[in-house]
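Here's the letter readout for the chains.
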Amino acid sequence: DTGVSQDPRHKITKRGQNVTFRCDPISEHNRLYWYRQTLGQGPEFLTYFQNEAQLEKSRLLSDRFSAERPKGSFSTLEIQRTEQGDSAMYLCASSPVRVPNTGELFFGEGSRLTVL
Amino acid sequence: SQKIEQNSEALNIQEGKTATLTCNYTNYSPAYLQWYRQDPGRGPVFLLLIRENEKEKRKERLKVTFDTTLKQSLFHITASQPADSATYLCAPDMGRRALTFGSGTRLQVQP
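Top to bottom, those sequences are chains A and B.
The first sequence maps to residues 1 to 116 in my numbering.
The second sequence maps to residues 1 to 111 in my numbering.
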């Protein structure tokens with residue numbers, strides 16, 4: 001399978017714990033995105049990488065959230081001191097660099113987080 | 001501020017009919033607009049992209065229109081099937097590095 005892979009698919013944690021999600025994008029894709037989605041809403045942008053550089057972060061990404069893409073391949077999204085409001089589906093997407101930038105996003109299946 | 005509006009109410013139609021979903025946007029002129037399909041518990045899947053200089057785009061039973069004057073895109077599924085039941089998301093280019101999505105419209109096709 002050469003699609004976008006996310007791990008774990010489901011995570012249940014207690015409030016205050018730290019969680020980390022991993023995303024493996026399609027190998028030739030330079031761009032990687034993290035989105036968050038809650039029930040009945042569309043995906044909300046969190047952060048964007050081009051290769052290993054984090055080029056944009058949403059104001060939704062509080063200081064408890066950190067994302068990395070150390071070698072320009074896989075990425076991790078860590079949430080520290082989780083809160084119940086962090087419960088959501090965390091989606092990773094990748095896309096190749098195209099000029100002009102109209103490339104579609106290829107999404108993974110998401111990591112569903114439940115904070116008790 | 002920029003807004004993307006999709007009908008939050010579910011659309012229920014009979015099999016074989018044409019489903020029409022609406023996406024309206026404000027305070028921007030997108031260079032292109034994308035449509036995605038999302039099944040419950042799954043990530044969105046890209047369906048179609050239409051550019052500002054294209055009035056209409058077709059792919060099999062799907063048709064998308066883009067009216068830059070009305071600031072609206074319509075997404076049609078002809079000869080709908082129960083397997084078309086899903087949530088459909090529109091994502092107009094809002095001049096940002098990352099796509100901005102509407103909240104989606106859930107389509108239910110009854111057999």
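FYI, nobody ran anything at the bench for these hints, they're computed from the structure.
Please note that a few of the clues may not be correct.
Computed cross-link-like contacts, DMTMM-like style, restricted to lysine to aspartate or glutamate with a CA-CA straight-line distance of at most 25 Å [what the hints assert, rightly or not]:
#1 B:57 with A:104
#2 B:59 with A:104
#3 B:3 with A:104
#4 A:11 with A:28
#5 A:11 with B:39
Hints, one by one, checked against the model:
1. The hinted pair formed by residue 57 of chain B and residue 104 of chain A meets the criterion: a straight-line CA distance of about 15 Å does not exceed 25 Å.
2. Restraint check: the Cα-Cα separation between residue 59 of chain B and residue 104 of chain A comes to about 15 Å, which is no more than 25 Å; the hinted pair holds.
3. Proximity of residue 3 of chain B to residue 104 of chain A is assessed by CA-CA distance (about 20 Å); at most 25 Å being required, the pair is judged to hold.
4. Taking the CA atoms of residue 11 of chain A and residue 28 of chain A, the gap is about 28 Å. The hint is violated against a cut of 25 Å.
5. Taking the CA atoms of residue 11 of chain A and residue 39 of chain B, the gap is about 20 Å. The hint holds against a cut of 25 Å.
Consistency note: the structure conflicts with earlier hint 4 alone.
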